[in-house]
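In the order they appear, the protein sequences are chains D and B. 6 is the number of the first residue of the first sequence in my numbering; add one for each residue after it. 66 is the number of the first residue of the second sequence in my numbering; add one for each residue after it.
Source of the hints: derived by calculation from the structure; they are not laboratory data.
Partial selection, computed: residues in chain D whose CB lies under 7 Å from chain B:
1) 131
2) 156
3) 161
4) 165
5) 179
6) 226
To spell it out: a stretch of chain B is covered by chain D in this simulated footprint if at least three of its residues, at any positions, have a beta carbon under 8 Å from a beta carbon of chain D; those stretches are:
7) 217 to 227
8) 309 to 318
For glycine and all other residues, C-beta sits at the position ideal for the given N, C-alpha and C.
The primary structure of each chain is shown beneath.
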Amino acid sequence: MSVISHFGHLAIRDATTCAVVLVAFPVIRTCWPTTRIPTTAATRCRTGRPAVPRCWSRNRLPDEERTVPCGRSAAAGGFVLDQVTVTRGETRLLDAITAHLAAMRCTAVVGPSGAGKSTLLRLLNRLDDPSSGRVLLDGTPLTELDVLTLRRRVGLVAQRPVSLADRVVDDVRVGHPSLREEGVRELLARVGLPADFARRPTSELSGGEAQRVCLARALAVEPEVLLLDEPTSALDGVNATIVTEVARAHVAAGGTVVLVSHDFAVVHGVADVVLVLDSGRLVAQGRPDEIEYLEAG
Amino acid sequence: MAGVSVPSWPGVAASLLLVAVAAAVAYRQRLRLTRELVIAALRAGVQLVAVGALLLVIFARAGLPGAAGWVTIMILIAGQVAGRRGAGLPHARWAATVGVAVGSVTTLGALLALGVIATQARIVVPIGGMIVSGSMQAGGVALRRLREDARQARPAIEARLCLGLPVRQAFLPYQRSAVRTALLPAIDSTKVVGLISLPGAMTGLIVAGVDPLTAIRYQIVVMYMLLAATALAALVAARLAERALFDHAHRLVPLPDTADR
Chain D
6 MSVISHFGHL AIRDATTCAV VLVAFPVIRT CWPTTRIPTT AATRCRTGRP
56 AVPRCWSRNR LPDEERTVPC GRSAAAGGFV LDQVTVTRGE TRLLDAITAH
106 LAAMRCTAVV GPSGAGKSTL LRLLNRLDDP SSGRVLLDGT PLTELDVLTL
156 RRRVGLVAQR PVSLADRVVD DVRVGHPSLR EEGVRELLAR VGLPADFARR
206 PTSELSGGEA QRVCLARALA VEPEVLLLDE PTSALDGVNA TIVTEVARAH
256 VAAGGTVVLV SHDFAVVHGV ADVVLVLDSG RLVAQGRPDE IEYLEAG
Chain B
66 MAGVSVPSWP GVAASLLLVA VAAAVAYRQR LRLTRELVIA ALRAGVQLVA
116 VGALLLVIFA RAGLPGAAGW VTIMILIAGQ VAGRRGAGLP HARWAATVGV
166 AVGSVTTLGA LLALGVIATQ ARIVVPIGGM IVSGSMQAGG VALRRLREDA
216 RQARPAIEAR LCLGLPVRQA FLPYQRSAVR TALLPAIDST KVVGLISLPG
266 AMTGLIVAGV DPLTAIRYQI VVMYMLLAAT ALAALVAARL AERALFDHAH
316 RLVPLPDTAD R
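Next up, chain D with everything else stripped away, as it sits in the complex (with noise of 0.2 Å):
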């Protein structure tokens, strides 16, 4: 035990210390599994949203280890799905997929339609559980974590834009009813909005404008990680360009992006690491310039 008041008196001291708690947490677990690591700071940054941005500095990183898809401190974090089987009566969603999405990356999951792309997805924020297999974030299987933390830690926004309020502003805040309208606008400037758009009934938005509100309202609860499902589907090139950015910066914060599109220049411009899904199948995982499946598309 006085390893771990160890680990937890040292946690919040800098990077280095946070990078050797992500590794000793999973032994300590393994080892001792009943074992309750009392140091509120060091579970914090394994998974709690305030240690993010000083653990997980993306730009503290030596570029090489940046490039590294499965690097050590990517390693630490992030999604692994492990023999994961969805099915739906007699058809297989998802068939044994084994992989790391890794923490304070952009992962794009592209492949044909019906490959099971949006079914991964919605598992990441248990929106659905799989048949089989488990789904761990941090480590820990998201069925041990609360559900209601988790979908705030995991942002999902969903393909086909839902207004859920009568104006723009209002529908922004239905994670964060405290947020100011000055807030909200910050956050409509973010994917391109003009401020005036706060006011805007949400009635009037044309699928592009909702598709970007609907992203500004899963911001505003400020997740670690986003859940993008085709978010540029009815957006033209420069407002795509808008939510490529959006991802971009969200991973230069710390955060984490899972991005589902069959836009590949999208892909191309903010994806780290791509895994192509094909009939439920993971049939190939790289950076995108060693997938072919881009090439070819």
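Add chain B to chain D, keeping to what the hints say.
Positioned in the frame of chain D, the structure of chain B alone reads:
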């Protein structure tokens, strides 16, 4: 009530002529309803004769416990009927039955406890019938609305859940809309009572020879009690349906595509 004017049995039989008029219209217009119309008329006659005989026995011999039993049976039947309106929702009949039961028992209990109505079988059964009927309609409407929303608004409900909102908050707009839809008919009929229609209880008393100013006292109580019964039945049925619609991980369960009934 010696002066009550009630149709004789020959008079009842003569009123069958009116059914014949309706059947003739249906037949001539080829509405394909003649058979159903005649069966409905005969069925109503047989049901009412049976119910009349049963109530006679209850009033004469079973007293208040018999009345309570009768009201219980009405609640169970009403729960099944209202539950069918929400067919496709998980545990819809259970939600409807509990909703109707809570609405009816609470309202009837309050009327009895406050001494507004007499604790006699001949009072409890018809008043209970009105309350159960109102609760049934409200519960059915609420469940039907919830089912439609749970199907059509799945993307919006899931968008709320994705923001980390718990089920209660994510589903609140639809819950409200369902209870509101269920309550509106009761509120509307309360608004226009006496202006557009002379309702059953008041009509019955006037026909039985009670003076109108006395008859309206009963009707006022009836309207007020129906408001309470419908509100409670709709709310409880909607809440229970909500619990069955979501699982422990705050997810909307898949709904089968059942035909609208």
